[in-house]
Structures are given as structure tokens and as C-alpha cells.
Amino acid sequence: MKHISTIAKTERKSDIMGCGECQSSCQSACKTSCTVGNQTCKQEERINNTGKKETL
Amino acid sequence: MVYHPYSNSLHSVDYKAYLVIKNKYEELSPQETADFSALDEGDVKEIESEIAELEKEGLIGIDRTFPYKKSQVVKALCLHVCHDCNLKCSYCFAKEGTYNTARDYMTEEVAKAAIDFLIAKSGSRKNLEIDFFGGEPLMNMSVVRFAVEYGKAAAKEKGKELSFTMTTNALLLNDENIDFLNREMDNVVISIDGREEVHNRVRKTRNGLNAYSHILDAARKFRAVRGDKRYYIRGTFTSYNLDFASDVLALADAGFDQISVEPVVLPADNPMSITSDKVGQVLKEYDKLAEAYIDRRQNGKWFNFFHFMIDLEEGPCIMKRLSGCSAGCGYLAISPIGDIYPCHQFVGEKSYRIGSVLDGSFNPAVQEEFSEITVNNKARCENCFAKYYCSGGCVAASHYYEKDLLTPYAAGCDMMRKRLECSLGIYAVEKKYREKR
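Residue numbers (the numbering used here), protein chains in the order written: chain L, 131 to 186; chain C, 161 to 597.
Derived from the structure by calculation, the hints contain no laboratory data. The beta carbon of each residue, even a glycine, is placed where N, CA and C say it ideally should be. Mixed in with the good hints there might be a few duds.
Unchecked claim - Pair ranges (Cβ atoms, derived): (1) L:Glu151 <-> C:Gly415: 32 to 38 Å; (2) C:Leu566 <-> L:Met131: 36 to 42 Å; (3) L:Met131 <-> C:Lys563: 46 to 52 Å; (4) L:Glu151 <-> C:Asn523: 41 to 47 Å; (5) C:Glu542 <-> L:Glu151: 56 to 62 Å; (6) C:Ala539 <-> L:Glu151: 29 to 35 Å; (7) L:Glu151 <-> C:Gly218: 49 to 55 Å; (8) C:Gly368 <-> L:Glu151: 32 to 38 Å; (9) C:Asp388 <-> L:Glu151: 18 to 24 Å; (10) L:Met131 <-> C:Ser197: 21 to 27 Å; (11) L:Glu151 <-> C:Arg594: 28 to 34 Å; (12) L:Met131 <-> C:Ala314: 53 to 59 Å; (13) L:Met131 <-> C:Pro227: 33 to 39 Å.
Chain C extracted, bound-state conformation (with noise of 0.2 Å):
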């Protein structure tokens, strides 16, 4: 297969089309240079013409690049309506929700004042984000309740669109809050970590208990009343857990059709971190579960992994491809206490404090320095195929493991193109199964 990102067209090839074209865009290999020696002329001729005819429409050849900073206005915050957590996951980038603070709980005052930030700033945008983060937002309801009343009715005031998400590790998921969550959510993530032995050995609660059996229960129940509504089943896999397709496809045996397990990102020297020298065994598990995905999907047992969700027929635009996440632009962090980071895990770098709402007080320099950071101008993503999907990558993963906001984390490139390419490949497969039926 033959993938062309910018245009974002798949192209199924013979080896000897495969050969024209790589040597006309990249460089062969010694054994592949002696393969196109050997081609027939009249094919490489033939070939030619099928790809200057794919030039014609723009499915193939050099990507161009678009001239491109991203918005400074504000679309969607992460309100940390508190810095505590009833669990106490060995791998919490959040330090068991504190952030390194204090633990603190968000006020109806401070989700007033981020409501009142976020219409302030989102300019012309109509459809605006609100997301419940922690430590454990269950754990500060009344104020979810009150940020969800006072955003919805602000936001009508002044002609917006407000939706809402959370993610909750679901401890105290309960009736009310079941149903408080089905009703006002627009998106809710639950955090389960897979099978039950691999849960529990790094998610277990504050007093060292093991929580997968309630947990699982709640999330069950919350998963029987969502119908159709959005929700995710969201894991982690750490070097424990290499094996972790196993925990997807424990996930989808428990009931649950959307899920979306991701690599920990931790530094090199904690015994759980992905290393350089497990990416490869990681994967290695991309491809068994991309196989044991396609089969389950074709025989009645299907599932939606998120990251091997592609749409390539109506895939974002290219703003989107080109801004990525938007942290420090259109989306920021509000800590408990209302200062404001470019992102959820910059909240307590005090050297990325933008602000507060509460003061009214905007260091726009922060927002200035995050509008440059698009996949264009970033050295590692210029002859990438992935870089149109994942970005260019996580911010705060440059930041905390490369030091420099502009360089991708190395070890979530790896994987981050595997998986596009298993993506490509189970939409090559799934894309005939249909055309079969």
C-alpha cells in the first residue's frame, strides 16, 4: 500500500508500481535498486502514466505546506475541579491528583470565573468545551453540577454552544451520578486498566484496596444506560503490562465497545516506563491486536479501538491536522485555585502559569510561544506519513522528555506510526469485507 498524507488517499500497488513510486519520492533500498534495475520498461512507462495521472488529481507526490499558527482563541478548558484522588495509581503523571499543589478543591467562585474566561475569549467560536478533570471529579460533584447549570445558561446568554466531558476512574459512580453523567456529558471516559490482575497492581485506592471489581460493576452500569451516547473505556499499558492487547480484548469481553488503551509516558529511569527498548515488543502488540481486531469486528464481536479509528474519506481538515491539540491556544487548564496552563499536564509548572481567572491577570507571551507549535515546525515530522494525524505530537511529552516544546517524544513516534499503519491496513481489510457483502 501506498499512503500519501497530505491528501490523505490510500493507493493499493503492485511491487513494481511500488518501486516507481519509491524511487521517484524516497530512496530504495540496495535490494529494491536491483529490483527496479531489473523492471520491465514498458511497465515503468505504464506505471509513470498512472502516476502522473494520480499527481494530476493531488493523491500523490511532495506534500505541500501550508503557511499556518494556530488561533489564539479559546475554545475548551480543563477545569481540575480538584487536586485529590481517591485512587492511587503507581503511574499518575498527576502525583495522585495534587499536580505537586496542594489538595485542592475548585470553588463555584472559580468555575464561575472560567466560564466567564472561556465565553470572554472564544471570540466568533459558537461550540465551546468544557471538560471535568482532577484528581477525581467525582469527588467535587457540587461544583460539577453547578459549573454544568452556570455554563449552560451563560453560554445560551450569549448565543454559544457548551458541551461537556469528564473523565472519571469511577469509584463513585453511583445511580445519581450515573445518570447526572448520562444526561450532561457529552463524552464521559471511565480509566480501567484491562484485566484484573493488571489493574489492580497500579490502580489501587488510597488505602492500598484493590478496586477493579466495583469499578468494573459501576462502569458496566453506566455502559448499560449510555445507549448510543459517547463514552470511552480508557487504559493504560505500562512495561507490566507489554502484553496489552490482552487488557483490549479483555475490555470488549467485559461488555465494552469503545476503547482506547495508551502507552504510559513516564521518564526512563521508573521500572513501569515504556524504554527504548520495549517500543519494539509494544509494536509487536499493535499488530496482534490489529489482527484479532479485524477478526472480532468481521464475526459478530464488534469494538471500537480508538486508535485505530481512521476516517480517510472525511478525515479533519488541515487546520486541524496542522494544530493538533491546540494546548496554550484554544484549549487551556484551570487549576483548583483558577490559574490557568496551556494544558492539563502543565498545570503546577510554574513557569507556564499563564494566569489566573479570578485576577483577570493573561500572560499572552505563553499563548504567543504555543501558537508557533504546529507540525510544520517541528525538524523530526517533515518527512513523517504520520505527522498529518497525530500532529506533531504531545506538548507536554516534548516538554518533559525532549526538554523543547518543538521536538516529539521519540518513543511515542514509534508507535504512534504503527499504529496509523495498522489503521491503513484494518481500513484496507474492512474497506473489501464490505465490497464482498
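Next up, chain L with everything else stripped away, as it sits in the complex (with noise of 0.2 Å):
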């Protein structure tokens, strides 16, 4: 594409209502998991590890 291009896009389909097994969250971020960005799920242990550092 000329004028657009893609730079990420979730390979997970987002139709998929997921099962439920993630750990909970904490909004307010007062607690060890806190905005759902940063969730990780049960089910695919390599989904989420942004906060690792081999990231970069």
C-alpha cells in the first residue's frame, strides 16, 4: 500500500471471547496487575511480555 501501512496488528482473532483463566487486573493500579494492557494470558504464556527485556 501506497499511503498506509500496517505497522501492528493481534494475530489473537477478536471475536474470540477468551476463557477466562487470565489473572485479574486492577484498575487503579494499586495492585500487582493493574490496566488490562498488561495482562497475561494462562493459556499462551508468550502473549504480553513487553515488560521483558530481551523487547528491545
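Using the hints, put the two standalone chains together into the complex.
What follows is the structure in C-alpha cells.
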């Protein structure tokens, strides 16, 4: 494409409702797992590894 | 850049494409309208065909919504092992750890009943969590140790996996506790506010002493033994340190690589409150932090800032995005005397008391009310690009500051959007950087 280039897209199908096994989060961030973006999926451990140093 | 919340996709676009996309899905400003009118017809057609291709893949376009109600299966408990604290932080929502109740300490009997309650309410869910909270949980370590031992055995018997976490101020973090927490906790949050003067101004001991040096030493010791296991340094910023980027960087300079510094949530009449007139300054500070963050991470000073974490390729499933924290449903808090509340911030709010793990009482009406609190049901979230990352924000903040569980805390929304904007920008920059290497 000439005018639009996709930097990232989720590999996971957005309409999959999920298993609910993920860690609970805390929207006010008092707790160990805060915003949804930081969640780790119990089914696929590779998800949300952005906190690991090897990312860069 | 163009971000499509539903598919979690991020696109780099030229200005012409930006105009065509914005004209198609949103409203153009007067200047943009003029620029759009001046576009070459061939360019517009070309861009429209690119958009059509992305639409076909579901990577751009109008968001779909899902009818969704939160599950009432319980998967996580916050155990308030004591309503007492050895610090007297000026901004503490828990009122020196008491939550406006007595300085109670949880007994083994209550801890056992809470774990039994969690397992009984967890249905077919396998992975369960217990978070040790306070007050200061290290002040009741015998019950923490008991709960871990009992919880592991009870979970094993029922074929469940139980993980433990703790939020602590580190004042009692001695060698023995460090060894135990490192061994048993899946994640540990240590509260430090950043620069020494910032921390000492608001986080004094009960008898008014400065404890920064002691806490920093203990936290560093813990960090050293923690290795690659999960931990965070968790700070709070107030109107006293709106230049909080310096606190984040000070924590990184102190040797911590997992950092979360959050805005205080206080009523507007509190001098430390982040009132709407201060939000602009906070947003600028996030931009400043983002620049320093990119620079440091590319130049040998890597650290992770909690709110700049984003995973666009493998982000959470739509259920998680819609449900958020699950307060009042999958996540509940247990007070030291065994009372059940929707979350740790509701503890002590009598109208939200759900029941008791000791006498087995449980009012399903509260859980029912909370099960409807999803991002779909929040009018303010409807057109917000951040809605699948904040999931409508903190329910307790909505309750305390907007007096309505379905109305997101406005100042929090502005900050959330800025953090997401920074995260997306950082993501794009770092991706380009990785590709070049």
C-alpha cells in the first residue's frame, strides 16, 4: 500500500471471547496487575511479554 | 498514525490518508476540511481502495460491540490481612490502613474461610489468585504464611492452581521475609514514590520519621534476589510532584527495571489532588517521560514503565478487554473480619458489603449489579479509542468521584488516553528501531 502501512495487528482473533483464566487486574493500579494491557494469558504464555528486557 | 481499537491494529499513514480516513469515520476540523477538499481525486480513490482492503481484513472501520455480561465465578481474592500500617501516607485511600474501621488483624480462621470461599465459588476455573493487601501485610506475616500453606494444599486437592501476590511498603522486609516472598509470591509490589524528598514528604512512618533510605535498601535487596521473577516498584504522584517523570527516572537510576508510578486519586478539595486544572501538566509530563523512556531503552538503560506496556500483536482477548478488573464479580476483597466487598477500595463501604466468609452469607444482588459494569454499558466510553485498554476505568473511582458506577472518572480518562497514545508511539518507534538493527 502506498499511503497506509500497518505497523501492528493482533494475531489473536478479536471475536474470540476467551477462557477467563487470566489474572485479575486493578484499574486503579494499587495492585500487582493493573491495566488490561498488561495481562498475561494463561493459555498462551507468550502473550504480553513486553515487560521483558529482550524485547529490544 | 491511525489506531483501530477493535482489532488492536496500528497503521502509519500519510497526511492524505489521514484526511480520507478521518473524513470517512469521524469529523474533520475546518482546516482539515479545507485540506481534504484540495486533495487530488486520484489520490483519494487510491486511498479509498487501501481502506477497503483493510476493512475487508477488519483492521479499520466502525467498531463492533459484543453483548457481554461479566461472569460471577470468583477467581481472585484480595485478602486484607491487617487494617493497620506502619506508615502514615498523607494520600492513603485506606485511612492509615484502617478503611475507617478498627485496626483489625485477620485470623487464621478468616484466612482459611476466605480460601475455602474462593475455591467453592471458582466453578470450573483452574487458575486462582490471592493478593495479600492491607494496611501493611507484612505486619501480619504469620497469617500470610498460614494462608500460603493452607491455600496451596486446598487448591491442590481440588485440582486448582493458586498464585499469590503482595503489595508492601517494604518497611518490614527483612531477610526472612525476602526469602519467603521471593519463594512464594508470583508478583510483589513495593511502594516507593521516586525521589527521596518526594517520598519522604508524603510517606512518613506512624511517628513522623523519614523511611526512604531504609525502604530503598530493603527494596534493592529484594530486587537483587528476585532475578527474573515478577516484581514492581509502585509509586504515586500527587500535585506535589507533577514533574513525576523525574521520579520514574530516579527509580530507574536506583536500579529498578520494573516501575509503575500512578496518579493519586483524591477528592478535588485535597491539596494533593490531581484536579482538572493540573491534568494538562500531567499529560505533558507523560510525553516527556515517553521521550526519555525511548532514549534510555535504546541506550543501555532499559527499564519497563507499567503504563507504556502494550502488546499489539498478542494483546488480551476481547472478554478481558470488555470486563476489565472484574471487581464485584471475579475479583472480591475480604476484610480482616471476613466481610466480603466488591474490591479493596470498597472495603468499609457498608452499602457494598456482600456478605461474610465466616457465616456464609452472600448477597447476589451486589454481584449482579457489578456484572453489568462493562465498557459497553458506559456512555462516556462509546467513542473513546482507549476503551479496550482501560475497560471503562476503575469502578471505585467512578463511585467515589463521579457518584455513579457507570460513569468513568473524567480526569483518569484523559490520563489513560495520553498513556495509550504514548504507548502506541513508543511501540511504533521501537518496532522501527528493532527492524533497523
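So, going through the hints one by one against the coordinates:
1. L:Glu151 <-> C:Gly415: 32 to 38 Å: holds (34 Å)
2. C:Leu566 <-> L:Met131: 36 to 42 Å: holds (40 Å)
3. L:Met131 <-> C:Lys563: 46 to 52 Å: With a Cβ separation near 48 Å, Met131 (chain L) and Lys563 (chain C) satisfy 46 to 52 Å, so the hint holds.
4. L:Glu151 <-> C:Asn523: 41 to 47 Å: violated (27 Å)
5. C:Glu542 <-> L:Glu151: 56 to 62 Å: violated (29 Å)
6. C:Ala539 <-> L:Glu151: 29 to 35 Å: Holds, since Ala539 (chain C) and Glu151 (chain L) (Cβ atoms, about 31 Å apart) stay within the stated range.
7. L:Glu151 <-> C:Gly218: 49 to 55 Å: Violated, at about 25 Å.
8. C:Gly368 <-> L:Glu151: 32 to 38 Å: Given range 32 to 38 Å: violated, Cβ gap about 46 Å.
9. C:Asp388 <-> L:Glu151: 18 to 24 Å: Hint holds: Cβ distance 22 Å, inside 18 to 24 Å.
10. L:Met131 <-> C:Ser197: 21 to 27 Å: holds (24 Å)
11. L:Glu151 <-> C:Arg594: 28 to 34 Å: holds (30 Å)
12. L:Met131 <-> C:Ala314: 53 to 59 Å: Taking Cβ atoms as reference, Met131 (chain L) and Ala314 (chain C) lie about 56 Å apart, which means the hint holds.
13. L:Met131 <-> C:Pro227: 33 to 39 Å: Because 34 Å falls inside the window, the suggested range holds.
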